[in-house]
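Asks: Protein chains in written order, with my numbering: chain A, 1 to 255; chain B, 1 to 255.
Treat each hint with caution, since some may be false.
You can't tell identical chains apart in this list, so a pair holds if it fits in one copy or across any two.
As the list claims (entries may be wrong) - Pairs of lysine-lysine, DSBU-like flavour, derived with a Cα cap of 30 Å:
| # | residue 1 | residue 2 |
| --- | --- | --- |
| 1 | Lys122 | Lys187 |
| 2 | Lys233 | Lys243 |
| 3 | Lys54 | Lys115 |
| 4 | Lys45 | Lys22 |
Quick caveat, the hints were computed from the structure, so don't treat them as lab data.
Since this is a predicted model, take the numbers as computed values, not measurements.
2 protein chains.
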Amino acid sequence: MKIVLIGAGNVAFHLGPLLKSKGHQIIQLYSRSKKTGLKLSGKLKCSLVNDPKKLNSEADIYIIALRDEVITSFVKNIPFIPNLIVHTSGSSGLDVFPARMKNTGVIYPLQTFSKSIKISPKKIPFLIEAGNRKDLVKIRKLAKSISPVVYELSSYDRELIHLSAVFVNNFTNHLFTLAEKLLQLRKIPFDILRPLIMETVQKIQSDNPKKTQTGPARRGDSAIIMKHLKMLKDFPQMKVIYKQISNSIRDEYEY
Amino acid sequence: MKIVLIGAGNVAFHLGPLLKSKGHQIIQLYSRSKKTGLKLSGKLKCSLVNDPKKLNSEADIYIIALRDEVITSFVKNIPFIPNLIVHTSGSSGLDVFPARMKNTGVIYPLQTFSKSIKISPKKIPFLIEAGNRKDLVKIRKLAKSISPVVYELSSYDRELIHLSAVFVNNFTNHLFTLAEKLLQLRKIPFDILRPLIMETVQKIQSDNPKKTQTGPARRGDSAIIMKHLKMLKDFPQMKVIYKQISNSIRDEYEY
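Take these sequences, add in the hints, and give me the full structure.
Replies: Structure (structure tokens):
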């Protein structure tokens, strides 16, 4: 497909080269930032624009990889009716597109991207949606060409998955940050926790997390819980998080 | 070393066979439960007792792998002075042993164990401590014989690490459980999140979690945060956890 890619953030930095490597033609890149735009357009060997008015109107599909809050204002400024336009967001629906655009959709990669870390396309589930059957076929074909795992879902289901992703990715990562902070109190390297973290997720690759739960809150060991809360006395926010999650574990197992 | 192993829970089920495979001699197993006791003593090919009074007094070391709250009452009932006695707990100190026992220590495997899941010994950091220098040498030698990663730490440091482990293991696992619960609302399989979870921890194997943080709270995207809180209206506890962790992320990056 002939593609115009819009954005040069983490998602575009992974999606662009992936699409190109599967034989698609990226004819143009839009980026507000000249620096990251040039970096990515150099990689994709395509032209670069920084104004929606200058978008090439000939592409088969326009893929928007911008932050949620700027999508609507961006698409308003496109001066023509795109053949097909999609965004890559987990938490926006099709309603971000103006009514004059009839061929719209979503292609949301359910993965966490950093510019510096390579990810196997096999590990990216794509969640897709479209305004009509014909476009869904096109989007599915595009998604299938770059990943073996493609789910067709409604906006609501995608939003629910995005919310779950916040819990398992963003919040989990923050728990790691809090743990690192605790260890720094005694200059203990974070490295000491890495094997445990790895095993924590290995366990749930085949098992159900509800089954693999362990720890003081799971056992109802209130002596240890009290001790931990005391150790957290100088970290009020961490203490509240400790309490809340422990309560939630307790309620989950109803002892 | 000639070892008496005390307990037949998750830790003993991994530690026993590991010690045996490295050439140590397990001469006796203690277990209150006959069923799990027989299972493990069969594996270790050693005798089984269910009364501390019947412990063999000839071992070089007694390794206690019991729950924290029963250690003290158990050791009180040992009718002799052990050559060397250690426990395997992250959150108990040396003070669980009575004063009459002079040769005491800790050998705490910082890992999450399930009976059904095998773990490479390379992935188990052992945190050790002893009441005196001579015993520390013995315990270090034992630990080094079964794992390449051994840290000598005070009880306080070990407790701090145990608290950090609760955050990265127990709490993380519970976040996975909460995410699964959300997905069940729309019968979406948990499988859809597994690649993301894997990548979340892959990222921090080489990088620092503070650096890899992403998501609405990190970006300060209050529109998405409000939307998510609304979606959680029927899950008050999850809503509080969402709010607290989001606040904590916001404070961490001070925007």
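Asks: Indicate, hint by hint, whether the structure satisfies it.
Replies: Against the structure, the hints come out as follows:
| no. | hint | result |
| --- | --- | --- |
| 1 | Lys122 - Lys187 | between (38 Å within a copy, 23 Å between copies) |
| 2 | Lys233 - Lys243 | both (12 Å within a copy, 20 Å between copies) |
| 3 | Lys54 - Lys115 | within (26 Å within a copy, 62 Å between copies) |
| 4 | Lys45 - Lys22 | within (15 Å within a copy, 57 Å between copies) |
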